[in-house]
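Going line by line, the protein sequences match chains W and X.
The numbering used here puts the first residue of the first sequence at 1, with every later residue one more than the last.
The numbering used here puts the first residue of the second sequence at 1001, with every later residue one more than the last.
Be a bit skeptical, because a hint or two may be false.
DSBU-like, lysine-lysine: derived pairs with alpha carbons at most 30 Å apart [to be verified]:
(1) W:Lys-66 with X:Lys-1334
(2) X:Lys-1049 with X:Lys-1334
(3) X:Lys-1111 with X:Lys-1304
(4) W:Lys-71 with W:Lys-99
(5) W:Lys-71 with X:Lys-1307
(6) X:Lys-1261 with W:Lys-99
(7) X:Lys-1304 with X:Lys-1108
(8) X:Lys-1121 with W:Lys-71
(9) X:Lys-1164 with X:Lys-1307
(10) X:Lys-1095 with X:Lys-1045
(11) X:Lys-1304 with X:Lys-1261
(12) X:Lys-1045 with X:Lys-1164
Treat the hints as calculated values from the structure; they're not laboratory data.
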Amino acid sequence: MMRALLLKGALMGASMTLLLAAPTMAADGDLAAGPGQDVVAANCGACHTTDYIRMNSRFLSPETWKAEVTKMRTAFGAPIDDAVAAEITQYLIAQYGAKP
Amino acid sequence: MRRRDVLTGLGAVAASGTTALAADKQAWMSPHLADGTREVATMGKVPGKQGLIQLTDRPPNYETPIEAFRTAITPNDRFFVRYHLSGIPTMEDLKTWSLTIGGDAAEKPIKLTLPDLRTFKQVEITAVCQCSGNRRGLFEPHVPGVEWGYGAMGNAVWRGVRLKDVLARAGVKPGAIEVWLAGADTAPNPATPLFHKSIPLKVALSDDVLIATAMNGQPLPLLNGFPARLIVPGWTATYWMKHLNAIQISSKPLTNFWIQKAYRVPARLFPVDVPFESQQDANTWPITEMVVNSVIAEPVDGAKAPKAGFTVRGVAWDRGHGIKAVEVTLDGGKTWKPAVLGQDMGKYAFRAFSLASGALPPGPCDISARAVSNTGEAQAVTLVRNPAGYQNNVPQTLTVMVA
C-alpha cells in the first residue's frame, strides 16, 4: 500500500517531491542481485525510480547502456565519477543488457 | 513493500504470484513489449483516476488501457499521465498560480491570474493529445525511453483562451520568432535541465492553439496540467506544456536539452505543414506534427469471439487534416473492408470507426485496421525507424479465437 498512500498524501497537500524521495520508497527493491547492485541503487534512483532501468530491459547493447549512463551524467547532471560510472555500466550490461 | 501489494483491481491475481500475474497482463499489455517492460508494468491507481497502466510512478508515467478507446472522447479519469521530472506541484502550491508573459520580443510584460484568464474570449476545441513516444515499446528492435504501449494518448474537449489573444495583450514586437513555454514542474536535482519547450510564432498565433483551463467540462486533473496547459492541436504532446506558468515571446531560438537534443527526428522523415525552422539543423528536425494512425479497442488481442460475429471498434486520427477512411481486415490482410466512421468532432479529434464482422468460421481471426487522412496520408506499412522511437503508426495486429 505504501506507494499508493504516499501518492495520495502528496496530492492532499504536502510536497510530492519530498515524499517521493523519502527512504520508505526503497528504489532498489527490485534490482537484480549482482556485483554493483548497491552502487546502482545509490546512484540511479535519485531522479526517477530504478524501474526506468528494468523497463528498458533486456534489449540494450553494452554501448547503449554505456551511452545511457553518460547521458545521465552529462545531460541530466547525475553526480557520478568515472570509476562509479564504469561499475554501474558493468552491472547494467550484465543484469539488464541484451542477451548476446 | 512489494510491488505486487500495491496493485489495484488485480488483488486476487496478485496474491497468486508472478505466473498468474503475467497471464493476467495478457489482457492489457501487448506481447510485443519487452519482457522488462511487462515486468515493471502494473495496473496502477493515481488519485482521481480509474486504473491506468503504470510504467513508472516517480516521475508518474501511466498509460490509458486500450479499451478506453471504445469511445472517441477519453474520460478525464482515464487520461494518460506523463512527466519527465518528478518535482510535481501540489494543488496547494497551485493555489497561488499565475501566468507571466514577457520575453525580449514582448512589448510589455504582463501577469495573469485564473480570474484574468476568464476575461478573455472562451474557445472550445476537441483534439488528440498524444505523446511523441506513444507505442515506442512496440519498436522492433526496442529503443530506450519510456516504453509505452498503445495508450499514451487521449482525445478531449479542451476549453480555454486563445494563446494569440493572450500574446496580443502583452504585445508581440516585430522580430519575434518563437514562443517559449515553462510549467511549474521541477527537477529533483537542480543540475537537470527544466522541461521548457518552444513553438514557432506562426503556430502560436494560430486560432487553434489554446491555453486550456478545462477538459471535458471539468477543471484539468492535477496530473494533466492543472490549472492551465497549452493545447497545440495536431502537434505531439511534448509542446502541450502542463501547469503552464511562464511564456516568453522571443527573438531567439530556445536553447536547452529538451528542444535541441531530445524530441528530434531525422530531417524530412515525417510530413509537416508548418516546419519549425528556427529549431531545424542539417540532420534533425524537432518532432512536431503527428502522423495518421488508428487503434482497435475492441475486441482485445487474444479474446474469444462468437461464430455469429462481433464488432470491431476503435478510433483514428492524424495531424489535423481529418480522417477520410478506415479499412479493417479480418483475414490477416488478404481482404480489407471499409469501416463505418462515427461522428466528426473536428479535424484534430479521434474519429470513431466500427465494422460488424458478420458470421465467421471457427479458428483464429487476424484483425488489423488502417486509416487514411483527407490528404491521402496512410499508416506506415513497415515501421519508420528513428533513434528515439517516435511516430510508430504501423497498423496494430491482433488475433481473436472464433469458436
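Practice problem: Assess, step by step, whether the Cα of X:Lys-1304 is no farther than 30 Å from the Cα of X:Lys-1108, and give holds or violated. | Solution: violated (63 Å)
Is W:Lys-71 close enough to X:Lys-1307, meaning Cα to Cα at most 30 Å? violated (53 Å)
Holds or violated: X:Lys-1045 to X:Lys-1164, with C-alpha atoms at most 30 Å apart | With Cα atoms ~37 Å apart, X:Lys-1045 and X:Lys-1164 exceed 30 Å; violated.
Notebook entry, point to check: Given the proposed pairing of X:Lys-1261 with W:Lys-99, does the C-alpha separation stay at or below 30 Å?
Noted result: holds (29 Å)
- Query: Does the alpha-carbon distance linking X:Lys-1304 and X:Lys-1261 stay inside the 30 Å limit?
  - Reply: Roughly 45 Å separates the two Cα atoms, so the pair is violated.
Exercise. For the pair we were handed, X:Lys-1095 and X:Lys-1045, check the Cα-Cα distance against 30 Å.
Key: holds (25 Å)
Quickly compare the C-alpha distance for X:Lys-1121 and W:Lys-71 to 30 Å and report which way the hint goes. It is violated: about 44 Å lies between the C-alpha atoms, which goes past 30 Å.
What's the verdict on X:Lys-1111 and X:Lys-1304, does the C-alpha distance respect the 30 Å limit or exceed it? violated (57 Å)
Take a quick look at whether X:Lys-1049 and X:Lys-1334 sit within 30 Å of each other, Cα to Cα. Distance of about 40 Å is beyond 30 Å: violated.
Quiz prompt | Given hint W:Lys-99 paired with W:Lys-71 - CA-CA distance at most 30 Å | solution = holds (23 Å)
- request: Quickly compare the C-alpha distance for X:Lys-1164 and X:Lys-1307 to 30 Å and report which way the hint goes.
  value: It is violated: about 55 Å lies between the C-alpha atoms, which goes past 30 Å.
Does W:Lys-66 pair with X:Lys-1334 here, judged by a C-alpha cut-off of 30 Å?
violated (44 Å)
Consistency with the previously given hints fails for numbers 1, 2, 3, 5, 7, 8, 9, 11 and 12, ordered from lowest to highest.
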